[in-house]
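**Q** What follows is the residue order along each chain.
Number of protein chains: 2
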Amino acid sequence: MASKVGNSVSAAKEPKLSSREILLKAAGELMTERSTVDISLSDIARHSGLNSAMVKYYFGDKQGMMLALAEDVIGRSLIRMNELVVMDVSATEKLKLHIQAIITIYFRYPFINQLIHHLSTDPETSKVVAEKISKPLVEAQRVLLEQGAKTGEFKPVDPMMFYFIILGACDHLFFGRHIMKLAFGVDAIDDAVRREYTRTLLDMVFGGILKT
Amino acid sequence: MASKVGNSVSAAKEPKLSSREILLKAAGELMTERSTVDISLSDIARHSGLNSAMVKYYFGDKQGMMLALAEDVIGRSLIRMNELVVMDVSATEKLKLHIQAIITIYFRYPFINQLIHHLSTDPETSKVVAEKISKPLVEAQRVLLEQGAKTGEFKPVDPMMFYFIILGACDHLFFGRHIMKLAFGVDAIDDAVRREYTRTLLDMVFGGILKT
Numbered sequence: 056m057a058s059k060v061g062n063s064v065s066a067a068k069e070p071k072l073s074s075r076e077i078l079l080k081a082a083g084e085l086m087t088e089r090s091t092v093d094i095s096l097s098d099i100a101r102h103s104g105l106n107s108a109m110v111k112y113y114f115g116d117k118q119g120m121m122l123a124l125a126e127d128v129i130g131r132s133l134i135r136m137n138e139l140v141v142m143d144v145s146a147t148e149k150l151k152l153h154i155q156a157i158i159t160i161y162f163r164y165p166f167i168n169q170l171i172h173h174l175s176t177d178p179e180t181s182k183v184v185a186e187k188i189s190k191p192l193v194e195a196q197r198v199l200l201e202q203g204a205k206t207g208e209f210k211p212v213d214p215m216m217f218y219f220i221i222l223g224a225c226d227h228l229f230f231g232r233h234i235m236k237l238a239f240g241v242d243a244i245d246d247a248v249r250r251e252y253t254r255t256l257l258d259m260v261f262g263g264i265l266k267t
Numbered sequence: 056m057a058s059k060v061g062n063s064v065s066a067a068k069e070p071k072l073s074s075r076e077i078l079l080k081a082a083g084e085l086m087t088e089r090s091t092v093d094i095s096l097s098d099i100a101r102h103s104g105l106n107s108a109m110v111k112y113y114f115g116d117k118q119g120m121m122l123a124l125a126e127d128v129i130g131r132s133l134i135r136m137n138e139l140v141v142m143d144v145s146a147t148e149k150l151k152l153h154i155q156a157i158i159t160i161y162f163r164y165p166f167i168n169q170l171i172h173h174l175s176t177d178p179e180t181s182k183v184v185a186e187k188i189s190k191p192l193v194e195a196q197r198v199l200l201e202q203g204a205k206t207g208e209f210k211p212v213d214p215m216m217f218y219f220i221i222l223g224a225c226d227h228l229f230f231g232r233h234i235m236k237l238a239f240g241v242d243a244i245d246d247a248v249r250r251e252y253t254r255t256l257l258d259m260v261f262g263g264i265l266k267t
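Each protein sequence line maps, in turn, to chains A and B. In the numbering used here, each residue's number is its place in the first sequence (first place is 1) plus 55. In the numbering used here, each residue's number is its place in the second sequence (first place is 1) plus 55.
Excised from the complex, chain A in its bound form (with noise of 0.2 Å):
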């Protein structure tokens, strides 16, 4: 217990950030090793090396921990695609950057689909998904084929329909893992699947599959 007391103070200088970075980054970890995001308040709190009080003065409870993580990870990457809505390139190239960023994200936190799976079914947390995740996204989205439709690069698209055939597509190849390995014999998804897949997305919403 001591140990675990001095490691909690030793964050002492930025108390609240770092040591719910702690626990979130165990959380993130125990996730990947276990995969499964059935992950136990105790289970970080041990792996973490920090006081399991302190797991439940950051969160609560389990749902607000998976919560919380899933703002973390997908939080950093909304900043990000926000500053891309007003970078100076084409729509085209927004819109593929936006595209590969999902999937990197999916790719980089491979327990990120299971955990909006987990939070999207339950009508409580699917609120606070909705707003800090899916319609800061919608609205980058909606933004990004606006631009397009008025430089005259895209036609047009609701971006309702956009939103979920994109989503949809790039969650589907983290959730359907064992399906890939059973029907397709791919053991894991790596790098080069990730950029094979990228590649084969990009080009579908751009150009379509027919010649001509």
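Among the hints, erroneous ones may be present.
No distinction is drawn between identical chains; accordingly, a pair holds when it is met within one copy or between any pair of copies.
[As the list claims (entries may be wrong)] Taking lysine-lysine and the DSBU-like style, the derived pairs with C-alpha atoms no more than 35 Å apart in a straight line are:
(1) 151 x 205
(2) 236 x 111
(3) 187 x 111
(4) 182 x 117
Calculated directly from the structure, the hints in this document are not laboratory data.
Position chain B relative to chain A; hints supplied.
**A** Chain B alone, transformed into the frame defined by chain A:
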């Protein structure tokens, strides 16, 4: 009890097939009604008017019943997909019908995407999903893409990447129901949403969003 036994006996001319079908129909109805695939075997017995021993006889346990229902719903569509492959229309037309059919299954059976999600995350049932559902679907798509490449209609597309993009796009509309309501204010996926989504997805898959 008497009426239940009577009911099962009344279907005695095709005992296996029709009792089994009655049970699966009851399971699907309960899942639709309650918006969850977490239905107990005794609920199915009660709703179907058949004895719960029958449920156990046909499906063993809950996972068995879920698997049977998924196979039943999708199996019939897979037969039609195999007919599609050999139809005398262009590959473009076939692939359109194929994608429309997938969205229609999701739309007609509102529980099917949750059911597949549930079955795909269990190591045992995911094997059956891969064999009986994913592999035949992948194979049909592979043949259609090949036909279109041969006739010069399609650019070359990797069937595995194509599978995850299309299935993900079809699935996510239904997975994201809560998000649709909360982020877009759209209450339900009605027939107009289904048609518009299908049109947008087909336009994107075949022609992309870029002008020119």
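**Q** All hints are to be evaluated individually against the structure, with a verdict given for each.
**A** Each hint, compared with the structure:
1. 151 x 205: Result: close both inside a copy and across copies, 17 Å intra and 29 Å inter.
2. 236 x 111: between (38 Å within a copy, 31 Å between copies)
3. 187 x 111: within (22 Å within a copy, 44 Å between copies)
4. 182 x 117: both (16 Å within a copy, 30 Å between copies)
In terms of the numbered hints stated before, the structure departs from none.
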